[in-house]
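*Asks:* As a plain string of letters, each chain reads:
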Amino acid sequence: MDKPIRVLVAKPGLDGHDRGAKVIARAFRDAGMEVIYTGLRQTPEQIVETAIQEDVEVVAMSILSGAHNHLFPIVVNMLRERGADDVLVVGGGVIPDDDIPGLKEAGVAEIFTPGTPTTKAIEFIKQNVKRR
Amino acid sequence: MNLQERLAAGDVRALARLLTFAENNDPEAEEVIKNLYGRTGSAYVIGITGPPGAGKSTLTDKLVKTLRARGNTVGIIAVDPTSPFTGGAILGDRIRMQELFTDPGVFIRSMGTRGHLGGLSKATQAAVRLMDIFGKDYIFIETVGVGQSEVDIVKTADTVVMVMVPGLGDDIQAIKAGIMEIGDIFAINKADLDGADRTKIEIEMMLDLNENKAWRPPVCKVVAVENSGMDILLGHIQKHRMYLSESGELVKRRTRNISNELMDLVRDRVMEFITRESGRKLPVDDLVERIVAKDMDIYSAAEYIMEAINK
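Here the protein sequences line up with chains A and B, keeping their order. The first sequence maps to residues 1 to 132 in the working numbering. The second sequence maps to residues 1001 to 1311 in the working numbering.
Source of the hints: derived by calculation from the structure; they are not laboratory data. One thing to keep in mind: the hints can contain errors.
Said to hold, decoys possible - Covered by chain A, per the in silico footprint, the following chain B stretches (three or more residues, Cβ under 8 Å):
(1) 1093-1105
(2) 1108-1114
(3) 1184-1196
These numbers were taken from a predicted model, which means no experiment stands behind them. Backbone N, C-alpha and C define an ideal beta-carbon position, used for all residues, glycine too.
Taking the hints into account, I'd like the entire structure generated from these sequences.
*Replies:* Structure representation (structure tokens):
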């Protein structure tokens, strides 16, 4: 139990629905991770400050509003500007397939769309996280 | 610059990384605290404790905002329980503190208990020191939601605020033995609900039975979500702080806490030694088997282990 992976599960933007984020947070918890959950309607600044203070290894963002192309890259860039470029950033939610290559190019490591088993996200994180 | 220099210079990321090291038992955190130990002791440490759902996070949020408005800097350590089955945790105290995230005068760290009982995590004291060295004026420790016996906060904080809620009714009888003894201040949150006055009277009556102490814990009614009663509560905290320093109790309290922590630390290290050496120099499993087989008694086995440690 001595070095759990620390993950920030974040809900950027204005959608008011966090059932999916809670399901994934619970799944990460059951996989032995420490999950920091900060609630709805987070600005990129709030997400980045939290990621830094909590020294998380993973930022997992969930979004349903369609603003992913705008918000995900902002978070990635702000993390880089703060020198936290070793943080693994992943995204999930209602995201069209066509948008995924662009998001990956912007620095989001992986996108998990509806129907993805939680085990797949957990496996991806375990394989790609940079441990402290 | 190395982490130590960056911490001393007020680099937020260095503080964050050292807190991770402290939680993970990485010796670098201890090394930095050793080197900068002279800079510890100036922050004032406030413990916020109470049953689950009493409003500890919301109350912390509002108290911290009031302190920020007065120009003080604040560190917050928010502890939530770790699953004893998977080692995972949901750390959700930040949900009630969203407006503090981007305040540069506030640093919030969420911690899982990671198997530690007593309402705090093992790294809490190291975290307090690191935030203290970093230069925070006040450090808030929010415990896990407590039941009856999670009273470790009293060994770590200068002032303990016990957050209660109306409607626990007779349950209050059940918790008074452990918890009623550690509150320096009682805050009855959600005081707009029915029964707040009764709760206040019940607490006051129990405090009446305290043996004549120099400090009588004040009981105040607050509604944290509405930011109501925060000035009064903060006033009580300041009064308690003044009482502690003028009466000499602050030094006594901190001395007692250091003594406790030192013993805990030594106990941990002895256990670490035994675990590390078991099977090599120390045949713990063999000893256990011999005790079970009545080939040896348990006290002689303990003496055998102690002799190995003394060598």
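*Asks:* Hints broken by the structure, by number, lowest first?
*Replies:* As far as the earlier hints go, only 3 is violated by this structure.
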